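First to last, the protein sequences are chains A and B.
Taking my numbering as reference, the numbering of the first sequence is continuous, increasing by one, and the terminal residue is 862.
Taking my numbering as reference, the numbering of the second sequence is continuous, increasing by one, and the terminal residue is 252.
Treat the hints as calculated values from the structure; they're not laboratory data.
From a predicted model like this one, the values you see are computed outputs, not experimental measurements.
Beta carbons: idealized from backbone N, C-alpha and C, even for Gly.
Treat the hints with caution; some may be incorrect.
Negatives, chain A to chain B, calculated, CB over 12 angstroms [what the hints assert, rightly or not]:
1. K755
2. G760
3. R808
4. V861
Pairwise CB distance ranges (calculated) [what the hints assert, rightly or not]:
5. A:F818 - B:P218: 25 to 35 angstroms
6. B:A155 - A:F818: 37 to 47 angstroms
7. A:P752 - B:Y178: 30 to 40 angstroms
8. A:Q828 - B:I207: 26 to 36 angstroms
9. B:S191 - A:G760: 27 to 37 angstroms
10. A:R825 - B:K251: 37 to 47 angstroms
11. A:I770 - B:S144: 25 to 35 angstroms
12. A:S771 - B:D193: 17 to 27 angstroms
13. B:H149 - A:R858: 37 to 47 angstroms
14. B:Y178 - A:T860: 20 to 30 angstroms
15. B:S249 - A:Q828: 42 to 52 angstroms
16. B:A155 - A:R803: 40 to 50 angstroms
17. A:K801 - B:S191: 42 to 52 angstroms
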Amino acid sequence: DTGVSQDPRHKITKRGQNVTFRCDPISEHNRLYWYRQTLGQGPEFLTYFQNEAQLEKSRLLSDRFSAERPKGSFSTLEIQRTEQGDSAMYLCASSPRDRPGPGNSPLHFGNGTRLTVT
Amino acid sequence: AQSVSQHNHHVILSEAASLELGCNYSYGGTVNLFWYVQYPGQHLQLLLKYFSGDPLVKGIKGFEAEFIKSKFSFNLRKPSVQWSDTAEYFCAVPYNQGGKLIFGQGTELSVKP
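Can you build the whole structure from these sequences, using the hints too?
Right, dumping it as structure tokens:
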């Protein structure tokens, strides 16, 4: 299966520690998205890349969060000085560039990284 | 700003019952609409999508959804559910550029065998 891959699947950390997650998108997809999902809620958009360029960041993404996609392939999401409120599932998705004509290319999601901050 | 609301947080059905999950969106312009499904322990998967044309859209596993522009709705339906349909269902709409999606809060469907 050459879907979106995320690592690690689970991360438990103590408050104040830094954590980094990795996402490997589907190889021919040039768009990559990070979402956060908490219990009972739908995924919330955090940021997205087109190739290596980070084109948009949500207001949800505080200064403690940083994402990179240095070569336009895999991406990392780092959270510095973690807080208990950061506990969530962090989802990565990728999509190809939009086709000509109406409509958006669907997002392909990974299994997510579940972060627990104690 | 665009938004998506799903009316039902948790739906419990017996096998063979009919299903309808509500989804309403706020955007009044050209709309693309999606339903995603997340089976237990699996990633979010596309169930079906509406871009234009026939407002009745058919997806995988016997699901369909109807786009009703006058009601700003895109409800998901299935005539006869199976135990394997137990999952969480999310309605989503793109906003701005770049293919980003806004998701509803999700509806958890439990199907009793």
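Hints and how they fare:
no. : hint                                : result
1   : K755                                : 17 angstroms, holds
2   : G760                                : 30 angstroms, holds
3   : R808                                : 22 angstroms, holds
4   : V861                                : 22 angstroms, holds
5   : A:F818 - B:P218: 25 to 35 angstroms : 42 angstroms, violated
6   : B:A155 - A:F818: 37 to 47 angstroms : 45 angstroms, holds
7   : A:P752 - B:Y178: 30 to 40 angstroms : 21 angstroms, violated
8   : A:Q828 - B:I207: 26 to 36 angstroms : 42 angstroms, violated
9   : B:S191 - A:G760: 27 to 37 angstroms : 50 angstroms, violated
10  : A:R825 - B:K251: 37 to 47 angstroms : 45 angstroms, holds
11  : A:I770 - B:S144: 25 to 35 angstroms : 30 angstroms, holds
12  : A:S771 - B:D193: 17 to 27 angstroms : 33 angstroms, violated
13  : B:H149 - A:R858: 37 to 47 angstroms : 21 angstroms, violated
14  : B:Y178 - A:T860: 20 to 30 angstroms : 22 angstroms, holds
15  : B:S249 - A:Q828: 42 to 52 angstroms : 29 angstroms, violated
16  : B:A155 - A:R803: 40 to 50 angstroms : 45 angstroms, holds
17  : A:K801 - B:S191: 42 to 52 angstroms : 30 angstroms, violated
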